[in-house]
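A.B. asks: Please put together the full structure from these sequences, using the hints given.
Residues per chain, in single letters:
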Amino acid sequence: MNLKRLLYALVLPLLLLCGQTYAQDKTVTGRVTDATGAAVSNATVIVKGTTIGTSTNADGAFTLRVPASATTLSISSVGFSSQEVPVTSGILSVKLTTSSAALNEVVVVGYGTQRKREVTGAIVKITSEKINALPTPSFEAALQGRAAGVQVVQGSGLAGSGSVVRIRGINSISASGDPLYVVDGVPITQDPFIRGNSGAMNQNPLAAINPNDIESIEVLKDAAAAGIYGSRGANGVILITTKRGKSGKPAFNYSNRIGFATYANKPSFVNSEEWLALRQEAWQNDGNSGLAPLPGGVTWAQARNTNTDWWDLLTRTGVINEHNISMNMGTDKAKLFLSGNFGDQQSYIVGNSFTRYGVRANFDYKFSNIIKAGITTGWNRGVNNRVPAAWAGGLGDAMSYALPIYPVYKNDGSYWLDGANPVARINENIWKNTDDRFLGSVYLEVTPIKNLTLRAVTSLDYLVGMEDQFESARIRNQASGLGYARRSPNTTTNNTSTFTANYIYNLNENNAFTFLLGSEVQESKSESYNNSIGRERSDPWYEDKDAYKLFRDTLVNTNQIRKTEFNAYTFNSFFGRINYSWKNKLFLQALARVDGSSKFGSNNKYGFFPSGAIGYVLSEEEFVKNIPAINFLKARASFGLMGNAGFPAGNYYAAYFNGANYGGSPTTYYTRPGNPDLHWEAIQNFDAGLEFGLFKNRISGELAYYNRTTTDILLNAGVSPSTGFSEAFRNLSDAKIVNQGVELSLNTTVIQTRDVKWTIGGNIAKNYNEVKSLGGLSADAIGGGTNDTRIAVGYPVGTNYLVRFYGVDPTDGLPIWLDLSGKQTKTFSLNNRMPVGSVIPDYVGGFNTNVTWKGFDLGALFTYTIGGNIYDGSGKRQLGIVTDWNIRSDIADRWRKPGDIAKYPRLTMNTNQYDGLSSEWQYNSTMFLHDASFLRLRELTLGYKLNNATASRLKLKGARIFVTGMNLLTFTKYPGGDPEIARDFENAQDRNLSPNITYLTAPQQKSVTFGLNINF
Amino acid sequence: MKQTYFNIIKASSLLLLLGLSFSSCKKFLERPPEGQLSEEIALKDAAGVAALLNSVYKDMGEGDKFYGGKVTVINELLGDQLDGILLTEDFGEIYKRKTSIFGGFKNDFYTQAYNMIARANVALSKLDVAGSERNNLEGQAKFIRGVVHFELVRLFAQPFGATSDNSHPGIPLRLVSDLSSGTRASVKQVYDQVIADLKEAETKLPATNGVLPTKGAAQAFLAKVYFQMNSFANAYQYANLTLTGPSAANYGFVSAVTELDNRFSFNGSNEGIFKIRIEATSPTAVQFGPGGGLRDNFRSDTKRPTLFFTTDIFNQVNNSGDRRSRWLKDTLTPTINVLKKYNKDNFILPVVHVTEIKMIRAESAAETGTNLAVAINDLNDILTRAYGNATRNLPANGTAADIILAARQQRTIEMVGEGNRTQEIKRIGARSGTNVDRRGSNWNCPGFVLQFPQGEMAANTEFVRNPEGGCN
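So the sequence lines, in the order shown, correspond to chains A and B. Mapping of the first sequence onto the working numbering: residues 1 to 1016, in sequence order. Mapping of the second sequence onto the working numbering: residues 1 to 472, in sequence order.
Keep in mind the hints are simulated off the structure, nothing from the lab. A few of these clues could be false.
[Claimed, not checked] As a list, the in silico EDC-like pairs of lysine to aspartate or glutamate whose alpha-carbon atoms are at most 20 Å apart:
#1 A:K525 x B:E30
#2 B:K303 x A:D412
#3 A:K903 x A:D915
#4 A:K266 x A:D309
#5 B:K126 x B:E200
#6 A:K95 x A:D755
#7 A:K525 x B:E34
#8 B:K329 x A:D418
#9 A:K48 x A:E84
#10 B:K27 x A:E565
#11 B:K340 x A:D812
#12 B:K303 x A:E536
#13 B:K329 x B:D301
#14 A:K410 x B:D301
#15 B:K303 x A:E428
#16 A:K826 x A:D812
#17 A:K585 x A:E622
#18 B:K303 x A:D418
#19 B:K27 x A:D677
[Said to hold, decoys possible] Restraint ranges, calculated between C-beta atoms of paired labels, are given here:
#20 B:T306 x A:Y768: 42 to 52 Å
#21 B:N460 x A:N603: 19 to 29 Å
#22 B:N460 x A:G664: 33 to 43 Å
#23 A:R552 x B:V211: 22 to 32 Å
Source: prediction; values computed, not measured. By construction, the Cβ of each residue, glycine as well, lies at the ideal position given by its N, Cα and C atoms.
C.D. replies: Listed below in structure tokens is the structure:
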């Protein structure tokens, strides 16, 4: 039995369901090409007025069984104008013409779809192919460089790590700056802080989504597009549409990717001998004699005989191994998409991997012309074998506390544990996060009268996470001689139900309306125990789940732990949208949403978010038509109000929670003071754009301007700590943040012949961000977590707030600082901190080029940022005071003797040597502030598509093999390692203020993968 | 998966609710997370108020939040008994007596301590629901508020007696729970309030109170407070009340040498006047064990500790025949002087113990020149236990000066590693202007006082900062 038959057998029950519709009696064959005669693959061929159809193969050929009554075929493909051809006998030859900037392409908008031509908002569509081009740790990382104004900073090299995605700048301080993620119409659980910041990583719930299941991603950027999401639209919306069944016989796809990963960049550290010499130099600089004391109780003799390369011991070549299989089929009644996936991505860090398994079934069934229903279900399991990183240890230790003079083992073979030993920790700890995610929905669509569609959707997004940790007896070294096992389960349940009514009203030939009315309710809640379930054991809990359950129940029954809900919230929303089109060239849109939420205080339960937009296809007018170079030109503008409700639930009332027992009695903690006025942040958004197609559409693109003003800013800081609270949420009524910017995206076809096609495309976005006012708060009132970023009036969100370093005094090697007035001083004072840089780059973007020649394709994507700053938070320890940290090789450029002109001051082991400095932690200055600009070869892919004859011989419909390199080259002036930095964050405020602050962050992954993609 | 199906059903029923939501949405939108209780629910009765205070005792011992670590660690770092030349980061900054407005270790300590005060204040505002428990709960809340303010004022302000009228700035005094910005009360105002709170606690707390603070605990803290103020008659009175009053049946001096190992042990000792307990289903299944911060930094039998001691203090402890020398040496780490008091997986944490109160009674008696026999007896109890015999005891006719000298020596030894020394340096300095710091600093140098967290200045630009400039 061949594979295909096996698959048929597996889906047989479903085939039967659709079986009655194969009684067709005519076969049409044909070939679809472009203007040059080159084959157009994947073009959709549909019998007009039905849903019977198929798609073309790699050679542009198709075969379709059609009803005897069929007279016309409709052929469409992305980038081409649709064409209708009569059904005739013999082989049809269809030549498609390039469409006007792909304007008939359908894009997904909130609660519906629109033709690109009539869209009045700022929307970018990214196709499945782009999303799956790279083996990124999670799908959102694949958006990097693909859409103008969408900045994606990939987290780190840790397996499964998330990215910071910012659409058109950053509007908020304490409220989330993340866009809203909506999968198949359902706002999903996306909170990166479900497990807080553990092991220097924010667990990314998006990582469990299989990128191969994604058909397209639409990024909604402005009020005309995202405004329909009301209080959650302000940061933009990322709409994810999963694949669904298409008309035609069962078609299968199998793809895989196998490859290798390592780190993209690595800072350089001194070895044992050099480290000892530097320490001795510091010791003597401080006026001491004899040998410097060494940390960890290591003697000089031992130190000289040890040279441990911790980085080397903790890294490896990671193996990437992914397999996807899918099937789609459809008749005029039923359509089905099934997929299964397995993927194992090992990072380059020993012991760290992310394994994903998943299945999906999307099914649509048309009961009649009136009633249609369907289900969308996906289950994925993500198993993340975790390692601590950055400040939590692991590779972070290799860059900090794990010194080359420290051994891994003592002479007796046991671990040396008198200082950092990340090898021991990784060997002797098990840390596994298993996340199961079920994302499913059911819809019912009724068309009671022509042009009126009623649709009800109800969905469940259920996330079950289990964290297992085990510390072995060998490293724990407790008197009991036992290890320690702990488990912490949590669940997030997110239910949404939406009801929409859509009515199309064509008044006459020139005037058409579309009305949308809808309501939505959502309830989301997370649950966990108020303590992990842990005890001394000789093995992890998952080795004996019965014992775990017994122990858990004992704890529950004796009131020592209890299940608590956190971040539970509801939304109740009503929305409407009216679209008007005049002569298919003038488009007007008005929309509004009313959002009520349990997150909002009792005095402000509902918010109202309206917007209006206009689009005008100028190229329909004679004065433009006469310009031959212009094939298409559309102007659009929109203005509206959106909100940001991205703050934790339940903050409006003073809250208490019950903790575990103490002294046999219950405990209650006072968690936060309340604020009944708490509500959403308000963002006024203006957008204007020009969409164009020039020189026979060889050049197409979009130019846009936006201006966004945030008011009612949510702040969770600035509270006197002697209240017992360091934070409390409130809206700042007298504060304002402005973002404005320009975006340009361009796509050009340089060469297009029968055999060769060469395209170049790219985008660039400039964002200007300024905090206009802050209600009288000082810059020190709002900080980004543990990072040295602040909010200061007149500066961008996330301002580097540091003491200015002037240089090193050649006479004595001491650092010279500048005070607030710019006067030189040798006394370091935190009072001299001031805004000196920004974590927000001036420009971000990407450019790509793609050449196809016969079956070969070669593509490259470069991503870049220009301007902005990186603050090297680890530099102050790696290049500053000599402590028990590793030292970077750049320290070579230091003062050693009078007269030396050097970058870094004289070495010291004693902070007292630099007057005014309290500790090396506070050694924050512009000495460690760097230019953040970089250019990165994000993707380089070489592929080969089998020609039709070969594929047929192999009994395939099509096949492509490829090799892809990710992050192969990085160009940067930043000396500290990888310039793309989104470290671990404590909360949303930290995430807003502190991208581009590095602290022992694991560098990005570089990988080379080989893959195969076959259709059969 | 059962849960999943249940949720699917639930989701479907949500659809039905949709139509109803137009009329019933108000309730739907007032959904507080379960377990996150509103004040009306959490503090509706005496049990609720008791639970709120109960969480404070747990916090006092948990991790390194308060007595479980930071109170002791910060006091040890500021003192003169640690060998801290290699200390870095927040520890290095505190050890070098030059803290800044940043430093999470210190700043978190501050906020967490004030959160305990906030809970006490909320409890005090809810006494109307306490019914017959009113006195006990009020006593507990005031005990907590007094104790926490006391520990904070000792660290964030110059000591009592640093100015003649104690008008120098103390700490924010928080007597109600609200979000107002902090301003510093004078040291006198703080001590007055601490004493008022503890006296109220002494009156209202019962002699026996389960695991909760008793009348005796309030008296012991009053003794500590007055002793810190060099107010010796009062210190004597309250030390004596602690040891002879109605609560004294709950604890007592343990003359057996086992006490030296049992002060910090799984089963605790009989000397604990106020102690933080362990919550465990068995010795290997401990749900809560206080003192994590002490073990993390001092424990020396399983790893090389972060904090270890000078040879000077080792020599002071290591007298021939003194069985307490066991506290400061470990063959595992021969090159450094490590503390062994906390070398247990878990221990009950005595916040204040009989030995300390006996030493306060002895020294206070000598300072006032009365009850010298009681003082000599107290010290001889301790000396006899230390040496296993009476050879090193004070003679019955010892002078007041002899007693003071012996009391201070014994305090240094008995309390090694328990965060005692810094406040002794300050107390003795304030008493007589004598600098006893073995690192050579003046008792009132700026660095002996911690800097307030920057959050105070961020919220109130007028907040009076402590002077910078360190010590020496």
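A.B. asks: Does each hint hold? Answer for all of them.
C.D. replies: Taking the hints in turn, this is what the structure says about them:
{"no.": "1", "hint": "A:K525 x B:E30", "verdict": "holds (14 Å)"}
{"no.": "2", "hint": "B:K303 x A:D412", "verdict": "holds (16 Å)"}
{"no.": "3", "hint": "A:K903 x A:D915", "verdict": "holds (19 Å)"}
{"no.": "4", "hint": "A:K266 x A:D309", "verdict": "holds (13 Å)"}
{"no.": "5", "hint": "B:K126 x B:E200", "verdict": "holds (17 Å)"}
{"no.": "6", "hint": "A:K95 x A:D755", "verdict": "holds (16 Å)"}
{"no.": "7", "hint": "A:K525 x B:E34", "verdict": "holds (9 Å)"}
{"no.": "8", "hint": "B:K329 x A:D418", "verdict": "holds (17 Å)"}
{"no.": "9", "hint": "A:K48 x A:E84", "verdict": "holds (8 Å)"}
{"no.": "10", "hint": "B:K27 x A:E565", "verdict": "holds (18 Å)"}
{"no.": "11", "hint": "B:K340 x A:D812", "verdict": "violated (44 Å)"}
{"no.": "12", "hint": "B:K303 x A:E536", "verdict": "holds (19 Å)"}
{"no.": "13", "hint": "B:K329 x B:D301", "verdict": "holds (10 Å)"}
{"no.": "14", "hint": "A:K410 x B:D301", "verdict": "holds (17 Å)"}
{"no.": "15", "hint": "B:K303 x A:E428", "verdict": "holds (16 Å)"}
{"no.": "16", "hint": "A:K826 x A:D812", "verdict": "holds (11 Å)"}
{"no.": "17", "hint": "A:K585 x A:E622", "verdict": "holds (13 Å)"}
{"no.": "18", "hint": "B:K303 x A:D418", "verdict": "holds (6 Å)"}
{"no.": "19", "hint": "B:K27 x A:D677", "verdict": "holds (18 Å)"}
{"no.": "20", "hint": "B:T306 x A:Y768: 42 to 52 Å", "verdict": "holds (47 Å)"}
{"no.": "21", "hint": "B:N460 x A:N603: 19 to 29 Å", "verdict": "holds (27 Å)"}
{"no.": "22", "hint": "B:N460 x A:G664: 33 to 43 Å", "verdict": "holds (41 Å)"}
{"no.": "23", "hint": "A:R552 x B:V211: 22 to 32 Å", "verdict": "holds (25 Å)"}
The structure is inconsistent with hint 11 alone, although it conforms to all the rest.
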